[in-house]
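Go ahead and model the full structure; you've got the sequences and the hints to work with.
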Amino acid sequence: MDGVLTSIAVVAGVGVVLAVLLEVAGSLLADYGDVSIDINSGSRKLEVPGGNKLLATLREEKIFIPSACGGRGSCGECRVRVMEGGGPLLPTETPLLTPEQRKNRVRISCQLKVRGDLQIEIPPELFLIKSWTVRLARKTRLNYDTVELRLELPEGETIEFKPGQYIQIKTARYGKVKEEVFRAYSVSSSSRDNRALEIIVRLVPNGIATTWVHDHLEEGARVEISGPYGEFYLRESQHEIFFIAGGSGLAPIKSILHQIQEENIDRKATFFFGALDLRDLFHVETMREFEKNISGFTYVPALSNPSEETQKSWKGEYGLVTEVVARRAAEGIKDGEAYLCGSPGMIDACVKSLTGMGMPEERIYYDKFV
Amino acid sequence: MSETELTSALVILFAAIFTNNIVLTNFLGLCSFLSVSREIKSSVGLGAAVAFVTTFTAAINWLIYHHLLVPLDLVYLRFVIFIVIIAGFVQFAEIAIERFAPALYHALGIFLPLITVNCAVLGISLFMVIREYGLLETVAYGLGGGLGFLVGIVLLAALRWRIRRSRVPAALQGAGIAVILSGIMALAFVGFSGMLTIN
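Chains as they are written, first to last, in this note's numbering: chain A, 1 to 370; chain B, 1 to 199.
The set of hints was computed from the structure by calculation and includes no laboratory data.
Please note: incorrect hints may appear among the correct ones.
Stated by the list, open to error - Simulated pairs of lysine to any residue, SDA-like, Cα-Cα distance not exceeding 25 angstroms:
no.	chain 1	residue 1	chain 2	residue 2
1	A	LYS53	B	ILE110
2	B	LYS41	A	VAL284
3	B	LYS41	A	PRO99
4	A	LYS53	B	GLU94
5	A	LYS53	B	PRO102
6	B	LYS41	A	THR94
7	A	LYS53	B	ARG99
8	A	LYS53	B	PRO113
9	A	LYS53	B	ILE97
10	A	LYS53	B	PHE111
11	A	LYS53	B	PHE100
12	A	LYS53	B	ALA96
13	A	LYS113	B	ALA101
Below, the structure written as structure tokens:
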């Protein structure tokens, strides 16, 4: 009996001593004091506590750097030019930066820890990004694994965004998930409807944010968001438009289609939507409405893995979305312009297939959400 | 400190590097040995970090073992305690290095926390118990074992650098050829045996 107790005491004792030592070391050694951050040569000066990542530090000060992955170091969107301070490039940053960006002192702000005074440069329009606490006014089920959220801004507030841009939402703690995360979702509603935003969320098995939205977020709840972010919006040109999306990638395309309809933009446009089976389609009626209201617009859903049941009734396209694009539109691709939204795998496949058919890479636009 | 103690420590130091190399004779720490030996620069970083950690953890573990576990008759707990000490020490080293030597911290990068799960580090702490070393001998063994890992991984990285342009059969590329190379290196290191012996 004694032996058991002493062994427990020893293991616990060693653990406690180590934990205390580390805690003390952490608070003594990792205390970097207050540091100053100078933004755009004096246009704003911040006095902030050091020790956190640059992205999070700026977010505390209400400066929102775009970040599609929410600070996990996978998307490489949160680029900031660090003119002075910051130390050498980290191994986690290198793969996300081109040699040219490295030469221009671009850093990934979610990886860079603020240890001392910094001088940074960010595009001035980032000061326009704001944050709100919005109310979930409506949660609509679009199909078995996808919901659409309507988020209302506080009384009297409006949001200006370009159709195609995205916002970030902050999830709350729930169940066993003890952390709050930031996730990016494209706005699916019209930009004229500027007192509210709609986003589309597809359930990812075991996804922290999507599980929260699907199972824990109820109508009337308050959600923190910031935005708008992103370079994904309709370019002004006369090229024929090819929208290609899968899953919740439909959202920004829908917003852009609202714009095309409202502004009477007279361009030929086709929307290829890739899905596995009939049950994965959603907003089909909305798309048929767009077809009626926008001359020159066609909606082409394609099923890549239809069940036998589906095959009896489905009159539309079969196959991977890239194959369907090649089959239906090979002629126009060369002079066209493509807008892609979907999984990284789908985007890579589409870029490869489109450039293979002769579309120049600079006319292919996408936001990769990783 | 007697002269025999010092000699024995020196013998152990060199033996741990050459004749009883932890990677090439005990085959411990192979995971990082194979995965971080693609470039010479990073292998030097990892090797140095391992040597640093083994030296200190072996000494700390010796003190804990002989002044806490043996008196309390709890030697069977050494596995748990040693691992906890190693993890704690690596954490501590990481915080300290980040604060005081940012350049070194950047050079080591992710290798530092990875050392926690390097079994060569635990192996060295366990061998020092089995072989009944004194404190000085343990420090020498910890340093020697770490340097042995450094020598081994840098040599392997150099070999892998040399065969970059060789025509390795497709099935053996990457880890496959690295395992074969380490096998050949282990054979070569047998050549050192008999030079020095440690018990």
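Hints and how they fare:
1. Between A/LYS53 and B/ILE110 the CA atoms are separated by roughly 17 angstroms; this keeps the pair inside 25 angstroms, and the hint holds.
2. Of the supplied pair hints, the one linking B/LYS41 and A/VAL284 is violated, its CA atoms being roughly 56 angstroms apart against a limit of 25 angstroms.
3. Of the pairs offered as hints, the one joining B/LYS41 and A/PRO99 holds, with about 20 angstroms between alpha carbons and a cut-off of 25 angstroms not exceeded.
4. Between A/LYS53 and B/GLU94 the alpha-carbon distance is near 17 angstroms, which keeps this suggested pair within the 25 angstroms criterion.
5. Distance restraint check for A/LYS53 and B/PRO102: the Cα-Cα separation of roughly 15 angstroms lies within the 25 angstroms cut-off, and the hinted pair is therefore satisfied.
6. In summary, the hint linking B/LYS41 to A/THR94 is supported, as the alpha carbons are separated by about 16 angstroms, within the 25 angstroms threshold.
7. Proposed proximity of A/LYS53 and B/ARG99 is supported: the alpha carbons are some 15 angstroms apart, at most 25 angstroms.
8. Using a Cα cut-off of 25 angstroms, the hinted pair A/LYS53 and B/PRO113 holds, with the two alpha carbons roughly 19 angstroms apart.
9. Under the criterion of a C-alpha separation no larger than 25 angstroms, the hint pairing A/LYS53 with B/ILE97 is consistent with the structure, at around 18 angstroms.
10. Distance check on the hinted pair: A/LYS53 and B/PHE111 sit about 20 angstroms apart at the alpha-carbon level, within 25 angstroms; holds.
11. About 18 angstroms separates the Cα atoms of A/LYS53 and B/PHE100, which keeps this hinted pair within 25 angstroms; it holds.
12. Of the pairs offered as hints, the one joining A/LYS53 and B/ALA96 holds, with about 18 angstroms between alpha carbons and a cut-off of 25 angstroms not exceeded.
13. At most 25 angstroms may separate the alpha-carbon atoms for a hinted pair to count; A/LYS113 and B/ALA101 meet this at roughly 15 angstroms.
The structure is inconsistent with hint 2 alone, although it conforms to all the rest.
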